[in-house]
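Please take these sequences and the hints and turn them into a complete structure.
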Amino acid sequence: MRIGLRLQGTSCRALVLDGHSVVAAAAAVRCTTLAEAVDTTFEELRHELGTEITKVTDITSDAGRVLAARKPASVIAIRISPRPPADAFHVTGLPALVEPVVARTVHVGGGHDLRGRPLAPLGLEAFLAELPGILSGEVRNIAITSVGSTASKDHETRIADAILSSDSEMRISISSDFYSSVFRDRDYTAILNSALMETGEDLAAMLDASGRRHFPSATMWFAKNDGGRAPLARLAVIPIHGLRPEPAMQILGAATLAGAPDGEVVICADSGVTVGQIRGGLPATRSVIRQGYEASLASNAAVVEPYTADHPVRPAVPSVIADLRSGQDTPLPFGLVPTLAAAHDAGQVGSAVAPLTAWIDRLETVSGRADLQLVQRRAEEDAESAAVQLGASPGLTRIIESNVYAMPYGNPGIVRIRVQAAGEVSGDTIEDAAEIHVRTPFGAGEGASRWAPC
Amino acid sequence: MGALLTAEDVRHLRTGAHFLACTIDPTAIYVYAEMIEKAMENRALELISIDELAPDDLVVAIGMVTQGLFIADMPPVGDEFIGCIRAIEANLGRQVRAIYSLAAANINGIVPLMVGLQSSLPVIDSDPMGRVFPLISQTTLNIGHVPISPIALMGVTGERAVVEAHNPQRAETLVRALVTEMGGWAATAMYPCSAGQMREHGVHGSISRMIRIGEILDAETSVDRKFQQLAEFLGATRIARARVSHVEGLSRPSDLGLPALPSSVTLVDERSGQIIRLEIQNEILLVLVDGAIAAAVPDIVSLLNSEHGTVVNIDDVRVGDVIDVLKITAAAQWYSKAGLDLAEPKAFGIPIEHPRRHHA
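One line per chain: the protein sequences are A and B, in this order. Residue 18 is where the first sequence starts when you use our numbering, and the numbers rise one by one after that. Residue 104 is where the second sequence starts when you use our numbering, and the numbers rise one by one after that.
The set of hints was computed from the structure by calculation and includes no laboratory data. Hints should not be assumed to be uniformly reliable.
Claimed, not checked - Chain A stretches covered by chain B per the calculated footprint, using a threshold of three residues with CB under 8 Å from any CB of chain B:
id: 1; region: 90–101
id: 2; region: 132–143
id: 3; region: 164–170
id: 4; region: 191–204
id: 5; region: 296–310
id: 6; region: 322–328
id: 7; region: 414–425
Unchecked claim - Some chain B residues close to chain A (C-beta under 8 Å, calculated; not the full set):
id: 8; residue: Val134
id: 9; residue: Glu137
id: 10; residue: Leu172
id: 11; residue: Phe173
id: 12; residue: Met177
id: 13; residue: Thr283
id: 14; residue: His411
id: 15; residue: Val425
Since this is a predicted model, take the numbers as computed values, not measurements. Beta carbons are placed, not taken as given, at the ideal position from N, Cα and C, and that holds for glycine.
Okay, structure coming up:
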């Protein structure tokens, strides 16, 4: 059995799947604190499931709304490049919401080119002179972004090591953990990730404690933006990948409920109609979350587009049209006819069934087609290994996506390899699902929320 | 007196520069547009016609040359272009009177506006490509035998070089090698020439054209209306509305002297059943429909999202996407024999002549 949790404010909502059957779906439990809400939800589930609680193997939490709502911590941004900006116009810009998070910016000389060769020696000595001033302040979060860190993370890690050797309690996020060929995207992502680490840490500790108390045999996970899941402990390190999982989880959940591992998924919600794709049992993704003309978040996330009257329909491709509106008295826009009514929260179903996912996104130097195939195969093996390291069973991993991208105006022979692997600890995957069966949901009706006696 | 550009113009220019390049990643364009808008708060940005200059005035092309790290991954410090202009002035012993864009699309379509604001030099509404090409030798000024050098380069490291080479192809080779060692891109000033030479051999109205394209694409209107307006303004034609069925990297053998690796995209027009193939190398070089040439460089090929009418980045093309493939005729100079020698598919290693060669 698997549980999908959604956390929001001081409320928690749960859904239980047994194989591909929904065996319990609770209304949102709201308490004075989120920890109480989670505890109460688990307690109610224990009561509901009785002796079957030992069958609960996995609990996956969608913590995106909590991460987004909590005040981000202040961050010191360390930017490594050959020279500092010459004027205010050339300072790396951040989205307005994140700009105030940066308490201080420190420039360090350094950076690499696309071949991984240093553009300038790392200004470590000058940085070490500045370090006591950085550590003596109240800010405990640091983001480090270096020019060319997609090709070499050496300068970022050396600065991080220098900080940690003076104060091992600092929370550090380095930009090379996030793939984007755009400096400002990595800078923004590392800063926001660092700013969310404390919240991620708190959430992980709270969920882990509650999970152990009520479901000691279950493994705790968090839902990711790409429609996959990762060990809960990682939420303290890479909270950014759990910031916006809901669109992916809705696509995955609707596809699961419809028994459609491949095709188009149209989500009709109160906020509007969007469309995404499901391929091989996971949402089609893009490596960045775009935000208009501002910096993008370098996190693999489901591609979701607004649905329009001009949407090109493919008759030969299965479509799931999920009506997830809170009220279904009026017809859907664009003349859409739902194939799936909101019997359950698709997002929570998605969280419950999300597989473990791992990515390899890196630059490689190749000398020809044969060499390219070799490095691509190696990347696929590495991605599967990464999924196994996260907890997947070696026999239950598979490659979802494996692509090679030419680098425009790049150095000859350098390509980007992007591979996604998915895996399961045990049991079924969405591809095995003919249909989701619904069995005796408990609690108040879907969409309702109530105050629990916390 | 030229026209003073507004912040709205800059936003439209951003879209127009993106559309004409159908670029891989438009972030650098966005970053520059934002920078320019901020800089314009305190300074006026003047766009002039080439006719407003005296024939002997010294003008120079401004642009980024790249091979390696993306501009967006190695943000400019801000002093690079001014350093290049000063180097050209020192080399020639004359003052530069105005600047123009090295290309009329992508990052080089917008960069000169920032340089104009920094240097207080007017920006000319002309360029030597009328689109964007990957090589600095692929210009209408080269067709007109206007010397490319001296070329001043300055990278983000602060290192600067001046290249003096009479042969534009040799200049290309030397500059590209320097750019690689400077980290991946260099700010450059090249093709210093008289306003008279630019008037005779340049492509005119480049920046105004990008702004107008942006006005069309940024408008809240239907995709069909946008296309209709592009057809009226640019003579654009829609080769196909088709669904992507295959994307392939490293799809052709390539000359290591050319920046970037080739890739290909195959699409299927689901109504007609036609197979459309795009051959790409930085830009889209060739469009084949059922094996027949529908567009070939120097024709400009751009992609629009068929549902939203927004520009599709080549990097974002995914199997299953439905896109409009548009063709726009390039500046007339490119269809002369000399123009085709420089910029038809053969110049990019594809053994195909442009169909217009038979009339060149």
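(message) For the restraint on Glu137 of chain B, tell me whether the closest CB of chain A is nearer than 8 Å.
(response) OK, holds: Glu137 of chain B within 8 Å of chain A, min 6 Å.
(message) Restraint: Thr283 of chain B near chain A, CB-CB cut 8 Å. Satisfied or not?
(response) holds (7 Å)
(request) Confirm or reject the coverage of the region 90–101 of chain A by chain B under the rule of 3 or more residues with a beta carbon closer than 8 Å to the chain's beta carbons. (result) holds (count 4)
(request) Please verify that hint: Val425 of chain B, Cβ, nearest Cβ of chain A, below 8 Å or not. (result) It holds, given that the least Cβ distance between Val425 of chain B and chain A is near 4 Å, below 8 Å.
(message) Is the coverage entry for the region 414–425 of chain A by chain B consistent with the three-residue Cβ rule at 8 Å?
(response) holds (count 6)
(request) Have a go at the Val134 of chain B hint: is there a Cβ in chain A nearer than 8 Å to its own Cβ? (result) holds (7 Å)
(message) Given a cut of 8 Å on the nearest C-beta pair, is the interface hint for Phe173 of chain B held or broken against chain A?
(response) Since the shortest Cβ distance to chain A is 5 Å, the answer is holds.
(request) Count the residues of the region 191–204 of chain A whose CB lies closer than 8 Å to any CB of chain B, then report whether that count reaches three. (result) holds (count 5)
(message) Cut-off 8 Å, C-beta pairs, minimum 3 residues; does the coverage of the region 296–310 of chain A by chain B stand?
(response) holds (count 3)
(message) Is the coverage entry for the region 322–328 of chain A by chain B consistent with the three-residue Cβ rule at 8 Å?
(response) holds (count 5)
(request) With a cut-off of 8 Å on the beta carbons, see whether Leu172 of chain B makes it to chain A. (result) holds (5 Å)
(request) With a C-beta cutoff of 8 Å, work out whether three or more residues of the region 164–170 of chain A approach chain B closely enough for the coverage to hold. (result) Three-residue rule met by the region 164–170 of chain A, so holds; n is 4.
Violated hints for the displayed structure: none, as all numbered hints are satisfied.
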